[in-house]
Amino acid sequence: MGPLAVNEIISENTNLFFAFLIGIGFGYVLEASGFSSSRKLAGVFYGYDMVVLKVFFTAAITAMTGLLLFSLFGWIDLSLVYINPLYVTSAIVGGIIMGGGFILGGYCPGTSFCGASIGKIDAMVFIAGLFIGVALFAAGFNWFEGLYMAAFRGDPKISTALKMSDGFFALLLILAALAMFWVAEIVEKKFPREEY
Amino acid sequence: MNPRVLLALIIIPLGLVIAAVPQNKTVPYKLTAPELLSEVAERTQFVSPEVIADMLIKKDPTLRLIDVRSQQEFEKYSLPGAINIPLTDLLSEEYADILNQDVKMNVFYSNGSLAANEAWMITRQLGYTNNYVLEGGLNYWYETILNPQKPSSVSSDEEFLRYDLRKGAGMALGGDAEVKDTQDQAAGPSLKPAIKPVAKKKKAAGGC
Numbered sequence: 001m002g003p004l005a006v007n008e009i010i011s012e013n014t015n016l017f018f019a020f021l022i023g024i025g026f027g028y029v030l031e032a033s034g035f036s037s038s039r040k041l042a043g044v045f046y047g048y049d050m051v052v053l054k055v056f057f058t059a060a061i062t063a064m065t066g067l068l069l070f071s072l073f074g075w076i077d078l079s080l081v082y083i084n085p086l087y088v089t090s091a092i093v094g095g096i097i098m099g100g101g102f103i104l105g106g107y108c109p110g111t112s113f114c115g116a117s118i119g120k121i122d123a124m125v126f127i128a129g130l131f132i133g134v135a136l137f138a139a140g141f142n143w144f145e146g147l148y149m150a151a152f153r154g155d156p157k158i159s160t161a162l163k164m165s166d167g168f169f170a171l172l173l174i175l176a177a178l179a180m181f182w183v184a185e186i187v188e189k190k191f192p193r194e195e196y
Numbered sequence: 001m002n003p004r005v006l007l008a009l010i011i012i013p014l015g016l017v018i019a020a021v022p023q024n025k026t027v028p029y030k031l032t033a034p035e036l037l038s039e040v041a042e043r044t045q046f047v048s049p050e051v052i053a054d055m056l057i058k059k060d061p062t063l064r065l066i067d068v069r070s071q072q073e074f075e076k077y078s079l080p081g082a083i084n085i086p087l088t089d090l091l092s093e094e095y096a097d098i099l100n101q102d103v104k105m106n107v108f109y110s111n112g113s114l115a116a117n118e119a120w121m122i123t124r125q126l127g128y129t130n131n132y133v134l135e136g137g138l139n140y141w142y143e144t145i146l147n148p149q150k151p152s153s154v155s156s157d158e159e160f161l162r163y164d165l166r167k168g169a170g171m172a173l174g175g176d177a178e179v180k181d182t183q184d185q186a187a188g189p190s191l192k193p194a195i196k197p198v199a200k201k202k203k204a205a206g207g208c
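Line order of the protein sequences matches chains A and B. So for the first sequence, this note's numbering puts the first residue at 1; every next one is plus one. So for the second sequence, this note's numbering puts the first residue at 1; every next one is plus one.
If you are wondering where the hints come from, they were derived from the structure by calculation, not from laboratory data. Every residue, glycine too, gets a C-beta built ideally from N, C-alpha and C. Don't take every hint at face value.
[Stated by the list, open to error] Simulated DEER-style distance windows between Cβ atoms:
(1) A:L147 <-> B:I195: 32 to 40 Å
(2) A:Y28 <-> B:V5: 36 to 44 Å
(3) A:F73 <-> B:D97: 27 to 35 Å
[Claimed, not checked] Listed below are several chain B residues computed to face chain A (Cβ distance under 7 Å; list not exhaustive):
(4) R4
(5) A8
(6) I11
(7) L14
(8) G15
(9) A19
(10) V21
(11) Q23
(12) N24
Please work from the sequences and hints to get the whole structure.
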């Protein structure tokens with residue numbers, strides 16, 4: 001059956017409409033869980049608030065479990081689901097830049113829009129920086145292209161690389177995530193901060 | 001209850017189910033049985049030997065002949081420029097890009113038309129387009145192109161025209177028909193099917 005748009009069960013425009021609804025839901029949940037506060041987001045680096053880690057890992061394992069179960073029931077064809085292609089160099093460099101920006105600015109791209117929409121000035125400055133970065137990258141693409149396209153590895157899966165089934169890897173990841181949540185709560189108790 | 005414990009109680013059993021059950025590797029068919037039946041009934045997948053011969057002589061770059069017989073048979077005899085995809089290897093990953101594309105006109109052939117038609121039905125059910133079947137297979141190819149029979153003297157002009165066309169094609173493609181100039185009749189009827197575009201996989205980017 002799924003993916004709905006690829007199998008032409010819904011049109012491209014209906015797909016965008018769903019994306020719009022999901023986007024609103026995503027923004028609502030981000031704001032409701034306090035993701036529009038840069039202090040909360042930066043907390044994950046200083047150990048006083050691990051909610052970012054918990055929310056994103058919960059999202060990841062929920063989506064993963066859902067997709068695998070849907071595939072099991074024949075509701076979605078996983079071979080048609082897009083996997084980000086892996087460019088090793090740009091993944092590492094991009095990760096460092098993104099992480100640095102995260103600590104420095106206290107936002108990631110999605111949450112900065114969340115913060116800006118409730119009037120946080122630091123979030124607006126962050127967005128301005130984001131656009132400057134996008135423009136610089138686009139203008140200097142000829143320069144960056146070699147780095148950007150280096151070490152292409154296709155669209156690999158960790159489960160394939162470790163020679164285990166997707167389902168077994170999913171179970172390991174679920175257990176690892178739950179263990180991480182447990183450790184995160186210990187860390188939060190160790191580095192408490194009253195007001196932020 | 002601690003939310004972490006609640007999450008664990010829900011998601012660990014689900015994880016166990018996923019880990020224990022074998023992966024679903026069935027490839028969904030894109031065409032329903034009635035849709036396929038109507039295509040089979042219309043016989044749109046068949047391309048006549050004359051059209052193929054004409055394309056071969058004109059060196060039409062869109063034509064790709066696919067021999068679905070075994071490798072031994074392929075090595076013994078094959079049509080000019082054909083590639084070999086034995087029917088048993090049809091679903092192999094390495095041929096997916098050849099069979100599911102919108103640049104070339106793939107024509108399956110076998111000795112008769114049975115194996116080629118089977119290959120067409122399987123690829124068609126997977127939703128692939130631009131795959132066709134050589135009508136009558138190599139046997140009919142030999143009868144019509146390489147060794148055409150002269151029609152009886154009471155036959156229509158149309159029959160004679162087709163005979164001349166076949167003989168000309170046979171000569172050009174290494175048959176044993178007699179040499180006769182048929183250049184002016186080489187403009188055969190344009191029955192070549194149009195190549196249909198393939199719906200490309202959509203891409204979506206994510207981020208936090």
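Quick one, is the Q23 (chain B) hint okay against chain A at 7 Å, beta carbons?
-> holds, 6 Å
Does the interface hint hold: is I11 (chain B) within less than 7 Å of chain A, judged Cβ to Cβ?
-> holds, 5 Å
Against chain A, is R4 (chain B) within 7 Å by beta-carbon distance?
-> Holds: closest Cβ of chain A sits about 5 Å from R4 (chain B), inside 7 Å.
Does N24 (chain B) pass the interface hint, meaning its C-beta sits closer than 7 Å to a C-beta of chain A?
-> Check passed: Cβ of N24 (chain B) comes within 5 Å of chain A, closer than 7 Å.
Against chain A, with CB atoms and a cut of 7 Å, does the hint on G15 (chain B) hold up?
-> holds, 4 Å
Holds or violated: is the Cβ of L14 (chain B) closer than 7 Å to a Cβ in chain A?
-> The hint holds - L14 (chain B) has a Cβ within 7 Å of chain A, the shortest such distance being about 5 Å.
Does the CB of A8 (chain B) sit less than 7 Å away from some CB of chain A?
-> Interface hint status for A8 (chain B): holds (5 Å vs cutoff 7 Å).
Interface hint status, A19 (chain B) versus chain A (Cβ within 7 Å) | holds, 4 Å
Does V21 (chain B) pass the interface check with chain A, least Cβ-Cβ distance below 7 Å?
-> Because about 6 Å separates V21 (chain B) from the closest Cβ in chain A, which is inside the 7 Å limit, the hint holds.
Could you tell me whether the CB distance from F73 (chain A) to D97 (chain B) stays inside 27 to 35 Å?
-> Holds, since F73 (chain A) and D97 (chain B) (Cβ atoms, about 29 Å apart) stay within the stated range.
Falls inside 32 to 40 Å, the C-beta gap from L147 (chain A) to I195 (chain B)?
-> holds, 39 Å
Holds or violated: 36 to 44 Å for the Cβ distance of Y28 (chain A) and V5 (chain B)?
-> Violated - the Cβ-Cβ distance for Y28 (chain A) and V5 (chain B), about 26 Å, lies outside 36 to 44 Å.
Hint 2 from the earlier list is the only one contradicted by this structure; the remaining hints agree with it.
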